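Visitor: Here is what each chain is made of, one letter per residue.
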Amino acid sequence: MNVPVLQRKGPARQTRIVIAAPRRWSLPDLARLWEAREVLLRFSRRDITLRYRQTALGVIWVILQPLLAAGVLTFVFSSVAKLPSGGVPPILYTFAGLLLYNLMNSVISRGSNSLISNSSLVSKVYFPRLLVPLSTAGSALLDFVVSLLFMAVLLAIYGVAPGFAVVLVPVWLLLTVCLAAGVAFMASALTVSYRDVQYIIPFLLQLVLYASPVAYSIGKISPHYRLLYDLNPLTWLLDDIRWSLLHQPQPSTPILTLSVVVPLVVLLFGSFVFQTLERGFADII
Amino acid sequence: MSVGTEPAVSVSHVSKQYRIRQRGEGPATAAEAALGLLRGRTKPSYFNAVDDVSFEVAWGDIVGLIGRNGAGKSTLLKVLTRITAPSSGRAVLGGRVGSLLEVGTGFHPELTGRENIYLNGTLLGMRRKEIERRFDEIVDFAGVDDFLDTQVKRFSTGMYIRLAFGVAAHLQSEILMVDEVLAVGDAEFQEKCLGKMREVAKTGRCVFLVSHQVHTVRALATRSLYLQHGKLIYDGTVEGALEVYKASFERVGTDDVMEASMRKGTGEVRFANVRSAKDSFEVAEDKVVEFVTVASPELSRKHHVLCDVLDANREIVARCDSRLVEFYVNPSNEVRGTVTLRTPWLRPGVYTVDLSLWATRVATDIWEGACSFRVLPILPYAGTGTPNSTSGAPVLADFAYSQK
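Going line by line, the protein sequences match chains A and B. Okay, so the first sequence: first residue is 1 according to my numbering, each after it adds one. Okay, so the second sequence: first residue is 1 according to my numbering, each after it adds one.
To be clear, the hints were calculated from the coordinates, so they are not data collected in a lab. Bear in mind that the values here come from a model prediction, so they are computed numbers and not experimental data. Mixed in with the good hints there might be a few duds.
[What the hints assert, rightly or not] DSS-like cross-link-like pairs, simulated, lysine-lysine; straight-line CA separation at most 27 Å:
1) B/129 / A/82
2) B/129 / B/231
3) B/202 / B/153
4) B/278 / B/246
5) A/124 / B/196
6) A/124 / B/278
7) A/82 / A/220
8) B/404 / A/124
9) B/192 / A/124
10) A/124 / B/129
11) B/231 / B/246
[Stated by the list, open to error] Just so you have them, the derived chain A footprint on chain B, three or more residues with Cβ under 8 Å:
12) 75-86
13) 91-100
14) 119-125
[Stated by the list, open to error] From the structure, some residues in chain A lie toward chain B, with a derived Cβ separation under 10 Å:
15) 21
16) 50
17) 126
18) 170
19) 225
20) 226
Ideal Cβ positions, reconstructed from N, Cα and C, are used throughout, including at glycine.
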């Protein structure tokens, strides 16, 4: 019966899904993630569309937000507190720092809330859950790219020419996303059980903004605190991107190595935590 | 079946276990969890929502999964759709699965109709190309051509449901799993959806359907599984499963009382006890059901009672909403009350009563099959007819003839 139809559907029938109790510890299945890549794109698109729908200025906000923030921070740290900015115009120095910080900030803060704000999806339909926090990177990346273009304009205005290291900008960008995504995976998975996390994260992010050399250079920091700065992965990445964009000195080899290795380790660990907790999401959320 | 030898769905020894949390027990915050770790864990209690279930489904089958509230139907479906993982056991699905556990999964009110079709379709497991190919069909099915670029939040409820269903109805996956969603929408639309599902099965794919509505299962399914307390206790024809289903209601009050914790509803206020005043009533006699609620001193919002009387086929023959007669339960006291059904006259047979307690639109307790009674074949009419005289209509009428 129905043979013609079945033959047409033949190849699709090859897919075979095995459902079994998950192992206690597991890493995300990359093949499944790839299979569901369209979900990722749709989510990212939805987030981007929604963010600027019913706003009068629309995408202009993407530039305006970091610019206003950079202005305030430059005023506070350079004009009032008189902290050094590595010999380049303070606004450039701060804007470059904010580029990275904002990327990390939005991936972590949007990512960590993403599972709860999509709880109806988590409990009603199947797709690799990792895509939910991951999709927040889409809109954050768009913001980054737009800000980066604006950065180019600023560089031109102030007549600062970045050196050859500018080609490494995409690498720093990716590493920042890895670092932030790793944290976002952990935070979002923990938020499912413990809503406390969603109150802690914004506070920590605020703390990181002031405790990292985002709007000032590290030069004048007292040696007491120096170790804290040296252990902060964001400090390394900030050094990296300022080297690429603003002709700042090239970071030492250990720093360069660490700034590559640590974000990848955090990403791996974050996915591991996420995947291990994932099996309980639909039951708890 | 003609394709290979592999079944569409093969489930072996699947169980799903939940940890039960008593009120006030178990950590709700990270701080409490940390404290709990220091103090040492209390022994948790477990409950098997799905208990060692095994079965196979062939291609082209429409399987109706039935059982009473809390029998584990929805949990089993969630395991098979990979929303939640089984605790043990294994299931093999022979194709892509499209699941429909809710109408409009992922619909976002701020997005337009067009954007939602793509988002929803992708979530349900369709590829972009498939959606593009079937886009016009979906829009046609839903009848929303003029509103494609309008935000869904400005849609009427009917349009919203039709659009959501339109997307789901055009899923091309080999296995389709549907949960109770046919309950929404008007009769005409439901018929359209049933037709769509039959079409799916005709092309050799496989449909898995959970429903409370006997007529849906009967109209659609070719085979039926009956679940009770998480166990599969019947696997066979639809009629057979419905017999078991009905029987489970007749035995109510003896060995199969639904535990309060298994019943739906928030549980803030529950019935302690529900019983029929008599085991059997005559046709024209008042049928009285007595109930007692549990006092919840901290609550003050008034609750109303909904009493449904169902015949042996689980069709509702009478609905008594206490708001219509201005009766309310004060939840802070233990309330002893009665429902008296004066008319219509019920045909002889066995009836069950579903009783529920509501705070406006929130159910605090839904007790299906709370009690049952028999209506004796003692007719209130003076004359005698043939069996035909009292069959055909769902209830008996109180009527008179006269000549002018």
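Visitor: If a hint holds in the structure, say so; if it doesn't, say that too.
Guide: How the hints compare with the structure:
A distance of roughly 58 Å separates the Cα atoms of residue 129 of chain B and residue 82 of chain A; the hinted pair therefore is violated under the 27 Å criterion. With a C-alpha separation of about 41 Å, the suggested pairing of residue 129 of chain B with residue 231 of chain B is violated against the 27 Å cut-off. Only pairs whose Cα atoms come within 27 Å are accepted, and residue 202 of chain B paired with residue 153 of chain B is rejected, the gap being roughly 36 Å. Of the supplied pair hints, the one linking residue 278 of chain B and residue 246 of chain B holds, its CA atoms being roughly 21 Å apart against a limit of 27 Å.
For the hint linking residue 124 of chain A to residue 196 of chain B, the alpha-carbon distance of about 22 Å falls within 27 Å, and the restraint holds. For a cut-off of 27 Å, the pair hint linking residue 124 of chain A to residue 278 of chain B is broken: about 44 Å separates their Cα positions. Restraint check: the Cα-Cα separation between residue 82 of chain A and residue 220 of chain A comes to about 10 Å, which is no more than 27 Å; the hinted pair holds. Between residue 404 of chain B and residue 124 of chain A, the direct Cα distance comes to roughly 64 Å. Violation of the 27 Å bound is thereby established for this hinted pair.
Of the supplied pair hints, the one linking residue 192 of chain B and residue 124 of chain A holds, its CA atoms being roughly 23 Å apart against a limit of 27 Å. At most 27 Å may separate the alpha-carbon atoms for a hinted pair to count; residue 124 of chain A and residue 129 of chain B meet this at roughly 24 Å. Restraint check for residue 231 of chain B and residue 246 of chain B: satisfied, since their Cα atoms lie roughly 17 Å apart, inside the 27 Å limit. Under the rule that three or more residues need a Cβ within less than 8 Å of chain A, the assignment of the stretch 75-86 of chain B holds, with 9 such residues.
Counting residues of the stretch 91-100 of chain B whose C-beta lies closer than 8 Å to any C-beta of chain A gives 8; at least three are required, and the coverage claim holds. Counting residues of the stretch 119-125 of chain B whose CB lies closer than 8 Å to any CB of chain A gives 4, which reaches the minimum of 3, so the coverage claim holds. The beta carbon of residue 21 of chain A is positioned within 10 Å of a beta carbon in chain B (closest approach about 5 Å), and the interface hint is therefore held. Evaluation of the residue 50 of chain A hint against chain B yields a held restraint, the C-beta minimum of about 5 Å falling below 10 Å.
Interface restraint check: residue 126 of chain A against chain B, minimum CB-CB distance 4 Å, threshold 10 Å, status holds. Given the 10 Å rule on beta carbons, the hint for residue 170 of chain A is violated: about 27 Å separates it from the nearest Cβ of chain B. Given the 10 Å rule on beta carbons, the hint for residue 225 of chain A is violated: about 29 Å separates it from the nearest Cβ of chain B. Violation of the interface hint for residue 226 of chain A is found here, the shortest Cβ-Cβ separation to chain B being roughly 32 Å, above the 10 Å cut-off.
Consistency note: the structure conflicts with the earlier hints numbered 1, 2, 3, 6, 8, 18, 19, 20.
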